[in-house]
Amino acid sequence: DGGITQSPKYLFRKEGQNVTLSCEQNLNHDAMYWYRQDPGQGLRLIYYSQIVNDFQKGDIAEGYSVSREKKESFPLTVTSAQKNPTAFYLCASSIVAGSMNEQFFGPGTRLTVL
Amino acid sequence: DQQVKQNSPSLSVQEGRISILNCDYTNSMFDYFLWYKKYPAEGPTFLISISSIKDKNEDGRFTVFLNKSAKHLSLHIVPSQPGDSAVYFCAASAINSYGKLTFGQGTILTVHP
Numbered sequence: 002d003g004g005i006t007q008s009p010k011y012l013f014r015k016e017g018q019n020v021t022l023s024c025e026q027n028l029n030h031d032a033m034y035w036y037r038q039d040p041g042q043g044l045r046l047i048y049y050s051q052i053v054n055d056f057q058k059g060d061i062a063e064g065y066s067v068s069r070e071k072k073e074s075f076p077l078t079v080t081s082a083q084k085n086p087t088a089f090y091l092c093a094s095s096i097v098a099g100s101m102n103e104q105f106f107g108p109g110t111r112l113t114v115l
Numbered sequence: 224d225q226q227v228k229q230n231s232p233s234l235s236v237q238e239g240r241i242s243i244l245n246c247d248y249t250n251s252m253f254d255y256f257l258w259y260k261k262y263p264a265e266g267p268t269f270l271i272s273i274s275s276i277k278d279k280n281e282d283g284r285f286t287v288f289l290n291k292s293a294k295h296l297s298l299h300i301v302p303s304q305p306g307d308s309a310v311y312f313c314a315a316s317a318i319n320s321y322g323k324l325t326f327g328q329g330t331i332l333t334v335h336p
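Chains as they are written, first to last, in this note's numbering: chain R, 2 to 115; chain Y, 224 to 336.
Bound conformation, chain R alone (with noise of 0.2 Å):
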């Protein structure tokens, strides 16, 4: 079955660690998303990445680190510099990243800072 896997489902984290979310594709995408679900609003942009090796900024990417060693993987590392950790991490690839391309999604991570 293709699709995308989030890792793990729930996560808790005490207030000062770094945490890291995982990400896993087998689609053979070559774009991938991290985006952020907070209650009563629309998901935000942290960091995407259009190729191996390669990833930009989005709209929220402060307090966020990623990396994009492999095709099929795209980590996010959610630091202590992040301010208000708290939320739904969803994880998304798209074929190419263009604008005509629609984006699947995996079945995101909530992240709980006690």
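Since the hints were made in silico from the structure, they are not lab data. Even for Gly, the Cβ is constructed at its ideal location relative to N, Cα and C. A few of these clues could be false.
[As the list claims (entries may be wrong)] Per the computed footprint, the stretches of chain Y lying under chain R, defined by three or more beta-carbons under 8 Å from a beta-carbon of chain R, are:
id, region
1, 268–280
2, 287–296
3, 299–306
4, 326–332
Please build the complex by placing chain Y on the supplied structure of chain R, with the hints as guidance.
Relative to chain R, chain Y alone:
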């Protein structure tokens, strides 16, 4: 600055009737529009899209209408079914934006049996 707005937080419809979800945008560089459906604690699922060169796209029970002059799009679901109950997001991408999507806040659709 909210470039994509869904001004109705919720919509309640009777089964079998039409559901109309609305979305407004401000960025004239948007050239591709999408609708996603989302259940709680799950990722959004792509429903239907439309490019700016069209004013209508239909897929089964779902039709999206685009009015470029009014910077407005709408999603029609006919007939509505209880399984359609979910949050619906409209999203838009701009020319030369590398596929970056800007999302609206979402509309909660409830279809009553």
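Outcome of the hint check:
Check on the region 268–280 of chain Y: 4 of its residues sit with their Cβ under 8 Å from a Cβ of chain R, so the three-residue criterion for coverage holds. Coverage of a stretch by a chain is defined here by at least three residues with a beta carbon nearer than 8 Å to that chain's beta carbons; for the region 287–296 of chain Y and chain R the count is 0, and the condition is violated. Counting residues of the region 299–306 of chain Y whose beta carbon lies closer than 8 Å to any beta carbon of chain R gives 0, which falls below the threshold of three, so the coverage claim is violated. Coverage of the region 326–332 of chain Y by chain R holds [criterion: at least 3 residues with CB-CB distance below 8 Å; count 4].
When each numbered hint is compared with the structure, violations occur for hints 2, 3.
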